[in-house]
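For the sequence shown, the working numbering puts the final residue at 241, and the numbers step up evenly by one.
Note that these hints are calculated values from the structure, not bench results. Among the clues, some could well be false.
[Unchecked claim] SDA-like, lysine to any residue: derived pairs with alpha carbons at most 20 angstroms apart:
id, residue 1, residue 2
1, Lys140, Lys155
2, Lys208, Phe28
3, Lys208, Arg192
4, Lys117, Glu54
5, Lys77, Lys96
6, Lys177, Asn61
All values derive from a computational prediction rather than experimental measurement.
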Amino acid sequence: MDIFRWLSFYEHIRSIFGFSEHDDYLSASILNSIVREVVDDGELYELIHNKKVAVVGAGPSIVNIKEIDADVIVSADGATNYLVKQLNIIPDVIVTDLDGITVYPKESIYVVLAHGDNVTLLNKVYNMKKVLPTCQVFPFGRLKLYGGFTDGDRAVVLSKFFNAFKIVLYAMDFDSEYIGRYSKPNFSTDMPMNRFKKMKLEIGKEIIRQVSEGETNDKILWAFHGFDRR
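Make the full structure from the sequences, and use the hints.
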């Protein structure tokens, strides 16, 4: 996704939700300064390029997943907790803004997003060995910007950026009436959908549709755990 096109689109997102550009810069600056070992994005390219990638979201249907058929597994934030604890699956890549993840497998690459609402969570990166820091402002220092909004759609954008051969989506339940229990550490069950979350998911869904444009029909697939693509 073109960086300038994305920044323009994200400015629109800020206007919808009232996000602060200043706070986004503050969070980005902190993340840039505290990350100890930064992963070269060439490592992600080698991992993802021309591979079948599974992107696993934290939607309610995640509990239906018993196995994943893919060369590379990319988990979205809290989905990591289910994969590691329930299936003993270590994701190759974890895309996170830090508000859902509670387990930190040392083998994974963490693509961590800094934004205005997660400044107080940034200390979680000290639990991570291999980190690729990202932001929602023009990148500086060691930060990268690939585009995307929610953890799930950012995982898809990332996989496409690094030229995955095929991307299969699991538990990306954008049209669900519930928020998955693995989305947040304080959830003990699936929670009723709220307006704020629904708006975020609609944007994430649209982003995936946009990055799917021009691709063959089987480049990005929604597994049965996801929503109807029509």
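Taking the hints in turn, this is what the structure says about them:
1. For the proposed pair lysine 140 and lysine 155, the alpha carbon gap of about 18 angstroms is at most 20 angstroms, so the pair holds.
2. With a C-alpha separation of about 11 angstroms, the suggested pairing of lysine 208 with phenylalanine 28 holds against the 20 angstroms cut-off.
3. As the CA atoms of lysine 208 and arginine 192 are separated by approximately 14 angstroms, the hinted pair is consistent with the 20 angstroms bound.
4. At roughly 16 angstroms between alpha-carbon atoms, lysine 117 and glutamate 54 fall within 20 angstroms of each other, so this suggested pair holds.
5. Between lysine 77 and lysine 96 the alpha-carbon distance is near 12 angstroms, which keeps this suggested pair within the 20 angstroms criterion.
6. At most 20 angstroms may separate the alpha-carbon atoms for a hinted pair to count; lysine 177 and asparagine 61 meet this at roughly 8 angstroms.
Figure legend: structure checked against the earlier numbered hints; every hint is met.
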